[in-house]
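Undergrad: Here is what each chain is made of, one letter per residue.
Number of protein chains: 2
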Amino acid sequence: MIKIVEGGVTAAKGYMAASAAAGIKYEGRTDIALVYTEKPAACAGTFTTNVVKAAPVYWDKEIVEAGKPVHAVVLNSGIANACTGSEGKEINYAMASEIAGQLHVNPKEVLTASTGVIGMQIPREPLTKGAVLLKEALSNTKEAGTAAAKAIMTTDTVSKEAAASFEVNGVTVTVGGMSKGSGMIHPNMATMLSVTTTDASVSREILQGLVSEAVSDSFNMISVDRDTSTNDTYLVLANGESGVTIEKGTKAYEDFKEALFYVSTELSKQMAGDGEGCTKLMEVQVIHCETKEKAKVLSKSVITSNLVKTAVYGSDANWGRVLCALGYAGVDFNPERIDLVLEAGGERLTLIKGGVADHYSEEKATELLKQEKVTFICDMNEGTASATAWGCDLTYDYIKINADYRS
Amino acid sequence: MIKIVEGGVTAAKGYMAASAAAGIKYEGRTDIALVYTEKPAACAGTFTTNVVKAAPVYWDKEIVEAGKPVHAVVLNSGIANACTGSEGKEINYAMASEIAGQLHVNPKEVLTASTGVIGMQIPREPLTKGAVLLKEALSNTKEAGTAAAKAIMTTDTVSKEAAASFEVNGVTVTVGGMSKGSGMIHPNMATMLSVTTTDASVSREILQGLVSEAVSDSFNMISVDRDTSTNDTYLVLANGESGVTIEKGTKAYEDFKEALFYVSTELSKQMAGDGEGCTKLMEVQVIHCETKEKAKVLSKSVITSNLVKTAVYGSDANWGRVLCALGYAGVDFNPERIDLVLEAGGERLTLIKGGVADHYSEEKATELLKQEKVTFICDMNEGTASATAWGCDLTYDYIKINADYRS
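For the protein sequence lines, the chains are A and B, in the order given.
My numbering applies: residue 11 is where the first sequence begins, and numbers increase by one.
My numbering applies: residue 11 is where the second sequence begins, and numbers increase by one.
The set of hints was computed from the structure by calculation and includes no laboratory data.
Be careful, since some hints might not be right.
Stated by the list, open to error - DSSO-like mimics (lysine-lysine), calculated; alpha carbons at most 27 angstroms apart, straight line:
{"no.": "1", "chain 1": "B", "residue 1": "K363", "chain 2": "A", "residue 2": "K99"}
{"no.": "2", "chain 1": "A", "residue 1": "K410", "chain 2": "B", "residue 2": "K410"}
{"no.": "3", "chain 1": "B", "residue 1": "K374", "chain 2": "A", "residue 2": "K35"}
{"no.": "4", "chain 1": "B", "residue 1": "K279", "chain 2": "B", "residue 2": "K99"}
{"no.": "5", "chain 1": "A", "residue 1": "K383", "chain 2": "B", "residue 2": "K410"}
{"no.": "6", "chain 1": "A", "residue 1": "K410", "chain 2": "B", "residue 2": "K118"}
{"no.": "7", "chain 1": "A", "residue 1": "K139", "chain 2": "A", "residue 2": "K49"}
{"no.": "8", "chain 1": "A", "residue 1": "K23", "chain 2": "A", "residue 2": "K383"}
{"no.": "9", "chain 1": "B", "residue 1": "K410", "chain 2": "A", "residue 2": "K380"}
{"no.": "10", "chain 1": "B", "residue 1": "K261", "chain 2": "A", "residue 2": "K363"}
{"no.": "11", "chain 1": "B", "residue 1": "K383", "chain 2": "A", "residue 2": "K410"}
{"no.": "12", "chain 1": "A", "residue 1": "K363", "chain 2": "B", "residue 2": "K35"}
{"no.": "13", "chain 1": "B", "residue 1": "K380", "chain 2": "B", "residue 2": "K410"}
{"no.": "14", "chain 1": "B", "residue 1": "K363", "chain 2": "B", "residue 2": "K374"}
{"no.": "15", "chain 1": "B", "residue 1": "K261", "chain 2": "B", "residue 2": "K363"}
{"no.": "16", "chain 1": "B", "residue 1": "K380", "chain 2": "A", "residue 2": "K410"}
{"no.": "17", "chain 1": "B", "residue 1": "K363", "chain 2": "A", "residue 2": "K374"}
{"no.": "18", "chain 1": "B", "residue 1": "K71", "chain 2": "A", "residue 2": "K374"}
{"no.": "19", "chain 1": "B", "residue 1": "K13", "chain 2": "B", "residue 2": "K410"}
{"no.": "20", "chain 1": "A", "residue 1": "K35", "chain 2": "B", "residue 2": "K363"}
Produce the complete structure using the sequences and hints provided.
TA: And the structure:
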């Protein structure tokens with residue numbers, strides 16, 4: 011049984027966070043963040059599957075795969091440090107080593123992450139300045155965690171945090187995380203940066219297994235616009251400060267898993283609902299499907315359909331487009347079995363029954379679609395598996411934001 | 011050697027066309043078209059791969075697979091006759107048989123096609139009225155062909171036609187076609203209706219083989235918004251009126267293939283350039299790739315990227331997004347080998363050399379991107395295969411058109 015709690019990366023014991031305005035690209039706002047644990051932490055991660063990977067992604071993958079404990083994650087916004095050649099790799103190393111110097115740890119114990127425009131080099135000097143400022147600002151308060159979450163925002167309009175805790179023999183274990191991600195988000199590591207921390211003691215193997223599972227059901231089930239970035243990074247640090255060790259086959263394991271999944275799902279929904287230009291969060295549940303894999307493919311197909319997204323924006327119950335998106339997902343099903351239900355504001359409306367339009371009120375449908383969160387439930391009526399995907403509507407503001415991004 | 015000629019479905023000998031305002035859904039415009047050959051024609055076709063298929067698609071697939079000659083194609087706009095259950099199938103049959111009655115042929119010698127909103131039933135009475143009007147209007151003129159092309163438009167802003175001819179022992183053979191398609195277009199039978207006619211005599215087997223090849227390099231290489239429709243239909247009729255028979259291994263075969271490919275490619279580009287809300291045609295050439303299949307996947311990935319499309323709309327040379335789209339295409343390559351060239355208005359500009367930004371003028375890049383046709387040439391520097399895909403920019407008007415489609 012997990013309990014939802016406030017906070018993000020500083021919710022768990024032994025973690026400190028900080029933000030600073032290093033002047034990397036943005037002016038007048040914070041653009042660099044630090045998450046630090048004095049006690050070394052096991053770490054696991056998943057990264058973009060884009061063949062084109064940013065310098066920090068290569069750095070992190072090596073560290074995660076080496077399996078040694080880490081102490082910190084430094085993240086910057088404004089410049090993605092992608093497509094920056096060997097110079098970019100050196101700058102990324104400099105970022106890690108400046109922080110390592112301030113914290114008196116090894117550079118390889120400092121993970122890095124960047125987000126922002128592709129192709130520009132991160133200037134060297136702000137990294138030195140930023141590392142000093144971050145060290146000075148380190149704090150274990152909730153506010154420090156939120157400050158870090160804000161510093162990594164790019165086109166996000168809100169910072170994203172989530173945390174949950176559970177008890178093991180009276181001892182509290184906490185899992186908390188932060189994310190950024192708004193545009194350029196898509197499954198296969200939805201473009202985003204996410205750092206989750208926990209004070210549980212978890213072996214690297216168990217942690218990596220759970221992280222990959224969590225990603226599969228959360229971060230990989232959201233999409234704003236199908237563009238999988240060069241920078242997607244999801245890191246989880248476990249420093250054992252709670253004194254509780256998580257072993258497979260125990261209730262603690264189940265609770266830990268639930269907490270981790272809660273945090274990753276919650277962060278995913280926050281990102282999907284903050285998609286560039288987004289006015290509505292869309293949720294697509296595919297139920298009674300033959301397999302979970304099929305259900306995932308189907309739900310993601312609907313959530314990524316430009317035509318469904320624009321219809322939602324226009325509050326138009328154009329169920330034909332939903333059916334069409336299911337139909338080109340690439341998996342087989344019997345169209346004559348499908349029921350489609352629209353759910354919003356606590357009310358439900360059946361749009362399709364057995365593959366053809368049900369008798370429903372267009373006015374009612376439009377009213378439901380005007381809510382800030384709309385859910386399509388696609389009942390495939392063929393099995394017992396299900397999956398949920400999240401996304402958002404496609405609006406004029408998306409175009410506005412993206413036709414002019416580099417300004 | 012082929013010669014580009016004017017016209018569309020009536021360019022080849024022995025074909026007549028017509029349009030009429032049957033009042034199926036639209037008012038004040040033509041909404042039904044007919045293509046007719048008195049001499050029976052071999053026919054081949056390809057259809058949507060969407061699991062959800064419209065009634066006319068089932069009808070046509072059966073006819074094409076049965077392999078018997080046909081006489082006509084009747085196409086309507088306004089209502090797609092998709093997700094219409096058994097009633098929809100009956101209505102589709104009625105559409106075929108009304109025309110068959112007027113032409114004194116068998117209903118199974120009349121192919122059908124529909125485009126428009128999903129889920130509504132086509133009203134019965136306009137079909138009877140429409141068949142009479144079409145029969146009366148049949149003509150073999152160029153204008154009749156264009157009238158048919160106009161009648162099948164939905165959100166298209168222009169009608170689409172293309173034709174080419176070649177000589178075999180002094181006898182002219184012609185291939186001509188029409189298409190409609192604007193929104194809801196994507197590879198795997200880009201949502202569109204297309205009818206191509208030829209006066210060559212071609213066996214069904216040879217025709218189907220060429221049609222599938224042509225589709226692979228043309229219609230399946232365009233995208234407006236990734237939504238593969240429920241109605242995609244591409245039909246080719248060959249009535250032999252020229253007296254020339256096309257056999258494999260001959261020069262006539264090569265010329266016929268070139269003419270067919272020219273028509274399908276030309277129609278594809280016209281559709282891509284008329285994408286809903288489109289202001290610019292985008293062409294993406296992937297060259298020096300390892301395999302043609304890879305090149306296709308890569309070029310289509312770029313053409314369908316919302317972020318690339320919005321950047322083009324904003325005339326922003328955001329090559330990072332192009333690289334990113336190549337990177338998530340799902341195929342492997344070495345990012346450090348890629349060169350990217352922007353071409354427009356006869357001028358070229360190198361954006362990326364060896365995976366990193368080249369030194370180029372942003373002003374120049376913006377100037378090129380303001381052209382109505384922009385081309386990205388992605389040189390993978392790893393092989394000898396290539397492929398080209400077409401699409402268009404993503405604009406406010408796309409949102410406007412699609413957030414409000416059913417009004």
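Undergrad: What are the numbers of the hints that this structure violates, sorted from low to high?
TA: Hint check: 4, 6, 8, 10, 15, 17, 18, 19 fail, others pass.
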